[in-house]
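Asks: Using the sequences plus the hints, can you model the full thing?
Number of protein chains: 4
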Amino acid sequence: MAGSSFGKIFHISTFGESHGKAVGVVVQGCPPGIEMNERIIQKALDRRKPGAGPSSTSRQEPDIPEIMSGCFKGVTTGTPIMILIRNRDADSRAYEKNAAVFRPGHGDFSYQAKYGIRDWRGGGRASARETAARVAAGAVAAAFLDLYNIEITTCTMALGGIYADHFDPVCAGNSWLECPDPEAQKKIEKKISQVKAEGDSLGGIVQITARNVPGGIGDPVFEKLDADIAGALMGIGAVKAVEIGSGCRAALMTGFENNDQITEIGFETNHSGGILAGISNGDDIVAKVHVKPIPSILKEQKTIDENKNETVISTKGRHDVSAIPRINPVCRAMTALVLADHILRQRAVKENRHP
Amino acid sequence: MAGSSFGKIFHISTFGESHGKAVGVVVQGCPPGIEMNERIIQKALDRRKPGAGPSSTSRQEPDIPEIMSGCFKGVTTGTPIMILIRNRDADSRAYEKNAAVFRPGHGDFSYQAKYGIRDWRGGGRASARETAARVAAGAVAAAFLDLYNIEITTCTMALGGIYADHFDPVCAGNSWLECPDPEAQKKIEKKISQVKAEGDSLGGIVQITARNVPGGIGDPVFEKLDADIAGALMGIGAVKAVEIGSGCRAALMTGFENNDQITEIGFETNHSGGILAGISNGDDIVAKVHVKPIPSILKEQKTIDENKNETVISTKGRHDVSAIPRINPVCRAMTALVLADHILRQRAVKENRHP
Amino acid sequence: MAGSSFGKIFHISTFGESHGKAVGVVVQGCPPGIEMNERIIQKALDRRKPGAGPSSTSRQEPDIPEIMSGCFKGVTTGTPIMILIRNRDADSRAYEKNAAVFRPGHGDFSYQAKYGIRDWRGGGRASARETAARVAAGAVAAAFLDLYNIEITTCTMALGGIYADHFDPVCAGNSWLECPDPEAQKKIEKKISQVKAEGDSLGGIVQITARNVPGGIGDPVFEKLDADIAGALMGIGAVKAVEIGSGCRAALMTGFENNDQITEIGFETNHSGGILAGISNGDDIVAKVHVKPIPSILKEQKTIDENKNETVISTKGRHDVSAIPRINPVCRAMTALVLADHILRQRAVKENRHP
Amino acid sequence: MAGSSFGKIFHISTFGESHGKAVGVVVQGCPPGIEMNERIIQKALDRRKPGAGPSSTSRQEPDIPEIMSGCFKGVTTGTPIMILIRNRDADSRAYEKNAAVFRPGHGDFSYQAKYGIRDWRGGGRASARETAARVAAGAVAAAFLDLYNIEITTCTMALGGIYADHFDPVCAGNSWLECPDPEAQKKIEKKISQVKAEGDSLGGIVQITARNVPGGIGDPVFEKLDADIAGALMGIGAVKAVEIGSGCRAALMTGFENNDQITEIGFETNHSGGILAGISNGDDIVAKVHVKPIPSILKEQKTIDENKNETVISTKGRHDVSAIPRINPVCRAMTALVLADHILRQRAVKENRHP
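Protein chains in written order, with this note's numbering: chain A, 54 to 408; chain B, 54 to 408; chain C, 54 to 408; chain D, 54 to 408.
If you're looking for bench data, these hints aren't it; they were derived computationally from the structure.
Mixed in with the good hints, there may be bad ones.
Stated by the list, open to error - List of simulated lysine-lysine pairs, DSS-like, C-alpha gap at most 27 Å: (1) B:Lys355 x B:Lys369; (2) C:Lys126 x B:Lys150; (3) D:Lys361 x C:Lys403; (4) D:Lys150 x D:Lys355; (5) C:Lys403 x A:Lys126; (6) C:Lys126 x B:Lys369; (7) A:Lys249 x A:Lys150; (8) D:Lys361 x A:Lys74; (9) A:Lys403 x C:Lys403; (10) D:Lys74 x A:Lys96; (11) D:Lys403 x B:Lys126; (12) C:Lys249 x C:Lys352; (13) B:Lys369 x B:Lys74; (14) B:Lys403 x A:Lys361; (15) D:Lys150 x A:Lys126.
Replies: This is how it looks when you write it as structure tokens:
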């Protein structure tokens with residue numbers, strides 16, 4: 054019932070508007086004794102920063118995190134960790150003109166229907182800027198998952214309809230786009246430049262992989278690990294579809310094809326995406342998100358204002374052409390948050406498993 | 054933290070194993086004064102029953118619901134509604150032989166990793182039988198949504214790789230398969246018979262549509278309406294992918310193509326699937342699920358037992374060939390539960406929206 | 054937001070009205086592998102049954118619990134345990150006459166204000182009968198606490214203004230009243246008979262003691278162990294005050310008097326009641342509840358009906374003279390539920406306490 | 054499961070240690086359109102500041118709140134409101150000497166048992182300083198309750214064993230002590246001076262009154278309004294007992310004496326404290342807390358250090374002699390938070406109460 058909170062034991066609450074004073078997060082439930090400092094969080098935030106690629110916004114937020122509580126002498130204390138990220142480069146002027154106009158593809162219309170009032174500067178809470186707080190919290194979750202050697206990586210599989218022809222779960226860092234296929238990346242970069250010139254934007258596909266997740270994490274009914282991951286990923290602004298394991302392809306396979314047969318050395322395939330009946334099976338956890346194109350575009354679009362008058366809008370704010378690859382660390386963060394939470398839940402249960 | 058509970062205000066807790074004494078649900082948070090009786094619930098459960106089609110299990114559960122609390126003189130009282138559905142036709146003999154063997158594609162392996170113990174008769178909580186309780190709860194949610202004229206329908210779009218060539222949101226009731234295209238249905242029925250003979254199973258695609266959902270329902274950050282719907286649908290046993298609105302196609306479109314332009318009479322398209330920034334915009338809410346084939350198949354598969362010995366298994370229990378169309382009412386129920394919950398949440402907020 | 058649910062990890066949901074078909078509970082979060090059967094629950098319920106003492110109701114419910122799910126071969130499986138207790142001796146005739154009259158001291162008036170509708174037969178959910186479900190759930194919690202040798206006992210310290218002159222935490226079972234002082238008990242029994250003859254009722258004081266609770270359970274801010282115990286005990290129908298440790302006396306002491314000084318063998322006193330800053334310190338946890346007299350009395354009282362007409366009422370239902378000692382097992386159950394929940398929470402946190 | 058969070062719909066999460074960089078709170082669920090600014094919060098915080106009275110600490114925190122999100126143009130937007138209060142006068146030197154020593158009556162011992170690590174500077178999260186965040190959140194809740202004309206007041210009824218001889222619910226503001234009886238106040242001030250000179254401290258009793266709470270707020274089972282108020286008040290550091298309405302006296306009365314008889318103009322008495330069966334009845338809500346003496350005293354006390362060595366301690370930090378009256382605004386804040394939350398819950402339910 055707290056819409057800006059996420060998780061049950063590893064529990065975060067984010068706050069802050071795109072063009073307000075700050076965004077940030079309160080992280081509860083992180084066990085004590087884990088090394089934590091601003092450098093660790095900064096490193097994660099840097100991956101979300103407007104990048105070197107041609108698709109990037111010109112808004113330049115240094116995104117400097119400040120740990121305000123919950124750490125003492127370089128480790129977590131088990132108490133709430135508040136991380137504050139001040140907004141510095143919030144230029145609201147571009148929004149003033151269209152303060153009363155609903156931008157197509159954005160939440161302005163539905164936001165107004167819900168609250169009857171809204172901070173029209175940059176989308177308020179619905180801005181992608183809010184995800185900086187998620188990435189900061191995800192860095193704390195990742196530090197906890199390190200104790201289990203769990204590693205979460207992402208890989209850009211497609212952008213603008215151009216697909217990488219092979220897959221490598223650890224693309225992050227190798228290219229600004231996190232694309233495993235240099236040839237595809239070249240084509241994508243060309244397409245981005247062309248679409249940018251047209252005042253339009255692009256969508257794409259990102260795969261998330263979590264390795265070394267022990268078996269037995271999750272729940273067989275509502276709080277299934279795949280249900281929670283799907284909810285977490287669909288809860289990222291631009292995501293319109295989520296697949297787990299064989300995903301959409303599963304609908305086309307027979308049971309014999311889709312079942313992962315088991316031998317003494319493990320599962321022969323991983324169509325399950327590492328999750329059976331909502332519980333991890335020890336295999337890699339694999340999810341895919343389909344990301345819609347950035348809705349803020351220069352091209353003129355029909356819309357209405359708060360008084361239902363028809364008008365046209367051309368969004369001149371500082372925006373990326375594609376949410377990829379800046380959405381990738383957000384996907385990693387959300388996955389890390391789900392896994393940290395479920396691992397803590399399982400720790401509560403497991404002790405006297407074999408009485 | 055209660056893995057068998059779902060919802061915040063409209064809150065349900067299911068219980069019961071496939072081959073235990075009963076399955077059932079406690080529904081909390083349903084407002085008082087809503088007409089409710091066993092006939093209403095029975096009607097919903099009948100839609101989930103093994104059907105007349107060729108894909109069905111031979112297990113014949115009458116699924117008779119008994120309201121044990123929370124109703125008085127034919128209406129809800131606002132207190133917890135417990136609905137009990139006794140298991141009558143639970144024949145566990147087929148499971149005894151393979152009690153210690155992990156069935157591929159099922160939760161046996163991961164279940165054992167989590168609990169260290171399991172009721173091996175029919176999958177325990179991971180059985181599709183548990184969804185009878187969800188459907189019963191969904192019938193209560195649907196009765197509440199009736200006050201808003203909200204209607205949730207499903208439509209089978211594909212099965213076994215055969216796609217309906219057109220779409221009709223209200224297929225339920227017209228055919229056992231809920232397929233809008235009689236030609237496609239004939240081909241599907243043929244394919245089902247053939248695959249059944251081969252001892253194999255099939256997956257498919259179901260679309261869920263919710264009409265008359267008022268704008269303003271949802272939340273802009275984690276508890277987004279689309280995130281909650283995606284989590285709810287992915288939380289149904291066989292679902293491997295969830296799409297909202299344009300879904301996977303969004304990744305291939307440009308912003309100009311995917312944005313729903315707005316005129317004074319509404320949105321020109323519905324690529325958003327009725328949800329913008331996690332909040333309903335008044336348009337139809339549209340989701341799609343990709344359903345994997347039933348994992349229980351006659352075909353022999355490699356697997357291991359609890360002692361890691363390799364073996365083969367051929368599942369001779371009474372099983373459907375496809376989870377569709379019996380999964381359809383479960384999709385409707387979960388969508389109804391999400392909407393009922395979010396509408397109640399919004400009622401808490403809205404009163405002094407315009408102070 | 055689910056008013057009939059309690060606990061975060063060890064999570065229960067009760068259902069059922071006093072004069073409906075049944076009361077019962079769904080217990081989630083109980084770890085797997087704990088011995089559980091109907092006899093264990095029956096034993097706890099028997100302690101709550103109308104007793105041999107002169108204060109008892111003549112309603113004779115056998116209170117036979119039926120475990121409907123969550124156990125397999127005599128142990129818990131980690132899945133939801135549903136316990137059903139059918140109502141057998143529900144005689145609603147006494148209530149019909151006053152169906153529209155608000156009984157003083159009862160929830161009829163406030164219930165009507167909340168729901169606008171109510172099951173007037175025996176108080177509905179507000180009936181003490183609902184506590185049978187809590188006692189059943191408490192028996193499961195107690196079985197889990199047994200793994201830690203945690204023992205929760207109660208002792209009747211006063212009734213009708215007559216105080217026991219000494220204290221013994223383990224009174225239960227020695228007398229129907231759980232009173233440690235036979236002389237006081239005699240006086241109390243005499244008083245009960247006298248007050249019963251007058252058509253009136255009595256209140257009293259019960260102490261709850263939990264032994265062997267390890268240090269480190271609880272939380273320093275809102276979810277303090279003492280806050281949760283106080284909330285749990287105040288959530289029992291007739292309780293009007295809760296004390297922890299030195300309780301009300303603490304307000305009269307100086308810091309030097311009230312502080313528990315520490316030596317190498319432990320705390321010299323236990324004014325803290327085993328809880329410091331919301332976290333257990335390893336000492337006995339001690340709470341006291343002040344119980345109001347049963348509001349249902351034969352003596353005529355002024356009241357109004359649903360149409361605001363003044364009238365008088367004399368409650369002729371079958372009622373106890375005092376909620377003590379039948380409230381005692383409910384106090385034990387609620388304390389057990391709080392402790393089981395907090396121990397599971399701590400298990401989630403502690404593992405890598407010393408990294 | 055988030056120990057520093059409170060409330061279901063009106064939901065807060067506090068953070069910050071006594072001697073860290075800041076304390077603060079994230080407030081979720083506050084409806085949009087409510088006037089809110091830093092002056093409103095400052096006013097509430099000023100009531101919690103070290104006062105003019107002789108019982109006060111010399112730590113002088115200006116407690117300046119900064120609203121970092123959730124407000125736009127002077128009103129709430131319905132999104133999370135983060136309020137930051139920086140620590141300015143945090144002098145940790147007094148704590149360094151005894152960093153490894155457990156202060157009697159404080160949470161040091163139990164804290165160490167829970168976390169295995171602690172910020173020993175001023176009690177960390179267990180410090181009364183954390184309550185500044187609660188008071189800030191309470192100011193937001195109070196602004197919401199203003200829409201209902203709900204007013205929450207406190208009154209110091211006793212301190213150091215000296216009782217006010219009469220009662221006035223609105224004492225706040227009339228005297229630094231919030232004592233309704235000037236004669237008693239004089240005696241109390243004398244006692245404070247004397248006890249301070251002895252290096253000791255004092256406890257007392259505070260009454261909380263909430264007026265104009267509409268009937269029908271609360272829940273009949275676990276989430277009773279009195280249960281939630283009791284839990285909230287017992288969750289304030291120094292509180293050792295909570296009474297509702299007739300409280301401890303109820304245990305000494307007969308049913309006829311304790312029941313509030315009803316006439317057409319309302320309840321004749323208010324022994325219920327405005328709550329029947331967990332639901333408000335429209336009468337004043339009345340609670341009382343018994344506050345233990347401040348544990349930090351100059352008098353030498355026996356204790357042990359982290360290595361179990363015996364030692365003595367004399368607490369030389371800057372501390373109040375009594376938690377009263379600085380605890381009073383915290384009691385008001387917690388009561389406001391409970392009421393705001395329950396009113397929002399009821400708003401969700403009530404609309405179609407009369408179908």
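Asks: Each hint needs a verdict: does it hold in this structure or not?
Replies: Hint check results:
1. Our distance criterion of 27 Å between C-alpha atoms is met by B:Lys355 and B:Lys369, whose separation comes to about 15 Å.
2. For the hint pairing C:Lys126 with B:Lys150, the CA-to-CA distance comes to about 17 Å; that is within 27 Å, so the pair holds.
3. Between the alpha carbons of D:Lys361 and C:Lys403 the distance comes to roughly 21 Å, so the proposed pair stays at or under 27 Å and holds.
4. Among the hinted pairs, D:Lys150 with D:Lys355 is consistent with the structure: their alpha-carbon atoms are about 16 Å apart, no more than 27 Å.
5. With a C-alpha separation of about 19 Å, the suggested pairing of C:Lys403 with A:Lys126 holds against the 27 Å cut-off.
6. For the given pair, C:Lys126 sits about 24 Å from B:Lys369 by alpha-carbon distance, which is consistent with the 27 Å threshold.
7. At roughly 23 Å between alpha-carbon atoms, A:Lys249 and A:Lys150 fall within 27 Å of each other, so this suggested pair holds.
8. Restraint check for D:Lys361 and A:Lys74: the C-alpha separation of about 48 Å exceeds 27 Å, so the hint is violated.
9. In summary, the hint linking A:Lys403 to C:Lys403 is supported, as the alpha carbons are separated by about 13 Å, within the 27 Å threshold.
10. Between D:Lys74 and A:Lys96 the alpha-carbon distance is near 22 Å, which keeps this suggested pair within the 27 Å criterion.
11. Of the supplied pair hints, the one linking D:Lys403 and B:Lys126 holds, its CA atoms being roughly 19 Å apart against a limit of 27 Å.
12. Only pairs whose Cα atoms come within 27 Å are accepted, and C:Lys249 paired with C:Lys352 is accepted, the gap being roughly 10 Å.
13. With a CA separation close to 22 Å, the supplied pair B:Lys369 and B:Lys74 stays within the 27 Å bound.
14. Only pairs whose Cα atoms come within 27 Å are accepted, and B:Lys403 paired with A:Lys361 is accepted, the gap being roughly 21 Å.
15. With a C-alpha separation of about 17 Å, the suggested pairing of D:Lys150 with A:Lys126 holds against the 27 Å cut-off.
Checked against the numbered hints listed earlier, the structure breaks hint 8 alone; every other hint is satisfied.
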